[in-house]
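Asker: If you read the sequences in order, they're chains A and B.
Residue 77 in my numbering sits at position 77 of the first sequence; the count goes up by one each step and never skips.
Residue 20 in my numbering sits at position 20 of the second sequence; the count goes up by one each step and never skips.
Errors might be hidden in some of the hints.
[Stated by the list, open to error] Label-pair restraints from in silico Cβ distances:
(1) ASN63/B - SER18/A: 21 to 27 Å
(2) ALA5/A - SER59/B: 22 to 28 Å
(3) ASN51/A - GLN2/B: 37 to 43 Å
(4) VAL54/A - SER70/B: 31 to 37 Å
(5) ASN22/B - SER18/A: 39 to 45 Å
(6) ASN51/A - GLN51/B: 22 to 28 Å
Since the hints were derived computationally from the structure, they do not count as laboratory data.
Backbone N, C-alpha and C define an ideal beta-carbon position, used for all residues, glycine too.
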Amino acid sequence: EAGVAQSPRYKIIEKRQSVAFWCNPISGHATLYWYQQILGQGPKLLIQFQNNGVVDDSQLPKDRFSAERLKGVDSTLKIQPAKLEDSAVYLCASSLTDSSYEQYFGPGTRLTVT
Amino acid sequence: KQEVTQIPAALSVPEGENLVLNCSFTDSAIYNLQWFRQDPGKGLTSLLLIQSSQREQTSGRLNASLDKSSGRSTLYIAASQPGDSATYLCAVKPQYIFGTGTRLKVLA
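Excised from the complex, chain A in its bound form (with noise of 0.2 Å):
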């Protein structure tokens, strides 16, 4: 069974600019979150997807994040602009249903902005 995949690993990217993220979770797997993991803490969720909607988005800064999932499969995390404190790693997990099964997460992107 093929794991969570996400792309690119790594992004280096001056501030003010925009990047976006991918993830593509396990076959089948109806929810999927989106984490964001600074330097010596642990994951933060920013988003959890429920097949194309959206379950919960409280802590996501919606002034400069935004995040879809078209067709209840893929998903992209998108910054723009992006600040100096939004180096980090962004984690992207699924799980076949709801909170009650297990995560399954992803490598990561670490993106690093200068």
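With chain A held as given, fit chain B onto it using these hints.
Answerer: Relative to the frame of chain A, chain B by itself:
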């Protein structure tokens, strides 16, 4: 507001030792608790998932317990090996709150 704490922040032990990692949470209204390991520069690997109705789960040399009433979970690692060196994270749901992790180093 749910808060998750992991103690100790870092731990160094000689190979072969049994060890316990701790995870504490402030709100006992959880669905489940999941333990992960994270290797440097990599994503998280699921180790064990304990449902709120369960007291413990075991996988190989790992045993995780859950005491909702006291807001605690422990991850027991038996006969530690250098390959166990990683950061161990716990997370509680439905809040999807993670602890900051315990950085474990097992010395050969």
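Asker: All hints, please: hold or fail.
Answerer: Outcome of the hint check:
| no. | hint | in the structure |
| --- | --- | --- |
| 1 | ASN63/B - SER18/A: 21 to 27 Å | violated (46 Å) |
| 2 | ALA5/A - SER59/B: 22 to 28 Å | holds (25 Å) |
| 3 | ASN51/A - GLN2/B: 37 to 43 Å | violated (26 Å) |
| 4 | VAL54/A - SER70/B: 31 to 37 Å | holds (34 Å) |
| 5 | ASN22/B - SER18/A: 39 to 45 Å | holds (41 Å) |
| 6 | ASN51/A - GLN51/B: 22 to 28 Å | holds (23 Å) |
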